[in-house]
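Just so you know, the protein sequences line up as chains A and B, in that order.
1284 is the number of the first residue of the first sequence in the working numbering; add one for each residue after it.
15 is the number of the first residue of the second sequence in the working numbering; add one for each residue after it.
Everything hinted at is true.
Label-pair restraints from in silico Cβ distances:
(1) A:1355 with B:121: 52 to 60 Å
(2) A:1377 with B:20: 41 to 49 Å
(3) A:1355 with B:109: 39 to 47 Å
(4) A:1328 with B:24: 32 to 40 Å
(5) A:1332 with B:248: 29 to 37 Å
(6) A:1290 with B:28: 23 to 31 Å
(7) A:1310 with B:104: 45 to 53 Å
(8) A:1393 with B:66: 37 to 45 Å
What the hints contain is simulated information worked out from the structure, not anything from laboratory work.
The C-beta atom is built at its ideal place from N, Cα and C for all residues, glycine as well.
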Amino acid sequence: MTPGTVDLSNLSRSLNEMLVLSVLEDGPRHGYQLALDVERRSDGMFVFKHGTLYPILHRLERERLIAGSWTDEGPRGRRRAYRLTDRGRKHVQAMRDEWREVMASLARVMEEGS
Amino acid sequence: MSRFQPVLRALDDSLVLPQPARSRVLLEIAGDLEAFFDCARSEGVTDEEAERLALEAFHPSSETVTALVRLHGSPVALLLDGLSSQARTLWERLLLALVLLPAAALTLPAVADLQLVRAAGRAGWLLVGVGAAMAAVVVLKAYQLLVKLDHRPRLLRRGMTLLLGLSLAPAPLGVLAFSIGLFRALGEIVTRWPADGGELLPSLLTASAVMSLALTATAAGLLAWFILSRRIVRIEVQGSEALLGPAGKGETDV
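Chain B extracted, bound-state conformation (with noise of 0.2 Å):
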């Protein structure tokens, strides 16, 4: 492991770059500190004092990390990187609220007004909800892996569990519902046969809209994490092959 892996492990934090942009500038430190260390041990140093040098020498200062972001990374990103971190965060917050709200006032009466969705009654209000959190985090995450390019290897995963269980999680539920509701329609059956048909299929409707309801917004959701799964491998990959080469090329020699 490289003595200037504490450091190189903070500045990736820091480095709010795309792939493989962010690789490549975080390689390029990584060997210049070697480079440096080892001349300024042939010259007598010791290894303590070769580390600080290398060090004092190479870390990149904030204006240069600003430099890069402003060549690497995206519009978004130019414009957040001048603000506190604490300013970003909740400026980031305000922007995708303004985002988010506006399309949620204006999609969840047009849905909640499908016949689909009144039929389903008060689980399909739930369901609805489920949805509508799906939507939040897949557009949450498209903001980040999409928009703001930030690739930092302990961010790029985060959510997609949560994204992936909210997409899950309808499928059960609708199941259950159904089979409650077509148990009340058999029950109906076998109590007033020959009942007033009208009382059996509203149970019967109910019970097929959730499960509806259910099974599209599981589709949804699953369709998106695995949109974004794909990106975040294409991400990773990136990542790899800055570290390693592309698989089957050589390198040019100095």
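Isolated chain A (complex conformation) (with noise of 0.2 Å):
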């Protein structure tokens, strides 16, 4: 595996990462709308407590993999929407990849293992 976008010591950053890029290769979210979306394709597996996603879209936003945008919601005032960036969109298919390799992996070690 050519090591690159999946961090090992740091596993929960980095499935954090695949989760919100690969809902946002569908189209654009808002942050509530990405923690709804990752909960309900995972059948509630993933559940992200939203506060939580801050600093994950931030971090994601700083490094240019996606990118934010307000909209105006009238009434109800301003919302912050992001969308997959070029950048984005090639390093969630490599990280794609990668995470297929992690996960085969695994599962040749608990196959042996039992």
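Taking the hints as your guide, dock the two standalone chains into a single complex.
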């Protein structure tokens, strides 16, 4: 496996990144909607406490993997929506391949242990 | 007014982040709180329950605040963020004392040794004291705004009135001392003319030295006040632009 996007020493961070970027592949989302989509698509396996999403989103934006913009919600004020950048799109594709390898390796270890 | 205003205000106070990051974070949380509330209400939940659920879901934990400070804050803020508020205040005071005391110990004797200060006599010492107090306020304020990047609205203008007062105080003191000195000198002229000129000159010299020191202290203080005020205005404008958007730019639709 070519080392790159999945940080095995910080799996939860890589996992959060994968979940967020995968959902954004389908189109722009507000933070709140993003958390709901992760929960729905994983059948409740992955549940973000919504407040924890902010540092993740801000970090991904700083790394230019996603881009945020403000939308005017009228009387409800403004909300921030995020979309995947081209760099983010390439990154999530590379991450997907790496995660498949990680899961396959884990499955082999578990199988030999059983 | 948003129903979540009290919570956002409390959060505003705990977010030691520079502008425009702090406004952005607060606005983002405010928007998501309202969206969650609306969604919960549409599912038949009561207002109170929807509000409670929204706060439970979105209110950032201390770990989240730390992560945000790590991302957006200054290294000093990050270093202090791990401490309790009491420990943080103590450490900040110790650090500043470690910087200020040696600086004062080195600077004050040099200042006091200046011919101008010696010529000004006791009034000169008073003005040096005012100048030292001014310098301390400037250092503390610059530390808050430029090093710690603490742009909490309630702290932004703290100390500025004191700085302005300290800056303006030397000028009337100087004018008064000059006037008194000149009065004494003229008194000497009237009573002892043609007196030994050596008694007239020291009075005039002291008076003018005091005036010079006073006006220098006033000018330095006002300059520092002006520079810091401009920085504060820029911070406030950044905050406003983060909330309202920069003038003339549109927004992307989702």
